[in-house]
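Please work from the sequences and hints to get the whole structure.
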Amino acid sequence: MRVDWATLARYAESSGGLATMVGAGIDTYYPPELPAPIVLPLTVQLRGGQDEMIQPHQISFRILDSNLEQVGEEGTLGFQSEPNPSIEEGWEAGVLLTVVSQFLAEYEGPYSIEIAIDGEHKKSVPFRVLTSGEPEV
Amino acid sequence: MVSPSEVVLIDHATGTVTPVDDILAAALLDKARAVPTAAVAVLPPDEEDIENE
Numbered sequence: 165m166r167v168d169w170a171t172l173a174r175y176a177e178s179s180g181g182l183a184t185m186v187g188a189g190i191d192t193y194y195p196p197e198l199p200a201p202i203v204l205p206l207t208v209q210l211r212g213g214q215d216e217m218i219q220p221h222q223i224s225f226r227i228l229d230s231n232l233e234q235v236g237e238e239g240t241l242g243f244q245s246e247p248n249p250s251i252e253e254g255w256e257a258g259v260l261l262t263v264v265s266q267f268l269a270e271y272e273g274p275y276s277i278e279i280a281i282d283g284e285h286k287k288s289v290p291f292r293v294l295t296s297g298e299p300e301v
Numbered sequence: 025m026v027s028p029s030e031v032v033l034i035d036h037a038t039g040t041v042t043p044v045d046d047i048l049a050a051a052l053l054d055k056a057r058a059v060p061t062a063a064v065a066v067l068p069p070d071e072e073d074i075e076n077e
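Residue numbers (the working numbering), protein chains in the order written: chain A, 165 to 301; chain R, 25 to 77.
Source of the hints: derived by calculation from the structure; they are not laboratory data.
Treat the hints with care, since some could be wrong.
Claimed, not checked - Label-pair ranges, simulated between beta-carbon atoms:
#	chain 1	residue 1	chain 2	residue 2	range
1	R	T38	A	E252	29 to 37 Å
2	R	G39	A	G254	32 to 40 Å
3	A	Y271	R	T38	19 to 27 Å
4	A	G187	R	T38	26 to 34 Å
5	R	T38	A	Q244	18 to 26 Å
6	R	G39	A	E252	18 to 26 Å
7	R	G39	A	W255	28 to 36 Å
All of these numbers come straight from a predicted model, not from anything done at the bench.
A virtual CB, placed ideally from N, CA and C, is assigned to each residue, including glycine.
Here's what the structure looks like:
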């Protein structure tokens with residue numbers, strides 16, 4: 165199983181195999197002061213063979229800071245997909261997950277969300293936290 | 025185990041994973057409880073706001 169793509173958004177939800185996102189691609193958060201709670205709506209598109217998808221899996225999310233130190237605790241959830249009886253031959257099965265991570269940012273700078281499936285690292289989603297009001301170009 | 029159709033909230037302070045629907049249900053039962061806003065990003069202030077300050 166692989167992470168085909170994963171993106172942050174200002175708002176995200178997923179239901180029935182479809183995702184609704186507003187402001188997808190956001191990568192910078194501007195809290196007025198630090199430390200500040202940061203909320204990260206993350207949508208993840210998983211792909212794999214149907215036989216693989218219907219097995220139970222564990223997906224975990226970690227926040228890393230600019231020193232690649234883990235911020236807070238890892239969050240892990242189990243999931244299991246229903247088989248798709250109408251999938252075309254040769255197509256991969258897919259699962260869309262929306263996870264809203266929240267953590268306390270104490271410093272400005274780059275961070276990332278690290279995604280692992282069944283203990284194997286799959287994707288890194290970078291973002292940053294700035295307290296200045298003007299976005300960098 | 026969660027369904028792929030559920031949105032879940034991960035609190036990295038504790039590693040707790042909670043379906044958002046459960047949080048919203050709890051909010052309906054206990055309106056006095058502080059409930060995290062699950063899907064709101066912090067955005068840069070508008071220029072107008074900065075000028076007003």
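Each hint, compared with the structure:
A hinted range of 29 to 37 Å is violated for the C-beta pair T38 (chain R) and E252 (chain A), which are about 42 Å apart. Judged by the Cβ atoms, the range 32 to 40 Å given for G39 (chain R) and G254 (chain A) holds: they are separated by roughly 39 Å. Roughly 20 Å separates the CB atoms of Y271 (chain A) and T38 (chain R), a value that falls within the hinted 19 to 27 Å. The hinted window of 26 to 34 Å between G187 (chain A) and T38 (chain R) holds, with their beta carbons roughly 27 Å apart.
At roughly 24 Å, the beta-carbon separation of T38 (chain R) and Q244 (chain A) lies within the given 18 to 26 Å, and the hint holds. Range check, G39 (chain R) to E252 (chain A): about 39 Å between beta-carbon atoms, so the 18 to 26 Å window is missed. Checked against the given bound of 28 to 36 Å, the beta carbons of G39 (chain R) and W255 (chain A), roughly 35 Å apart, stay inside it.
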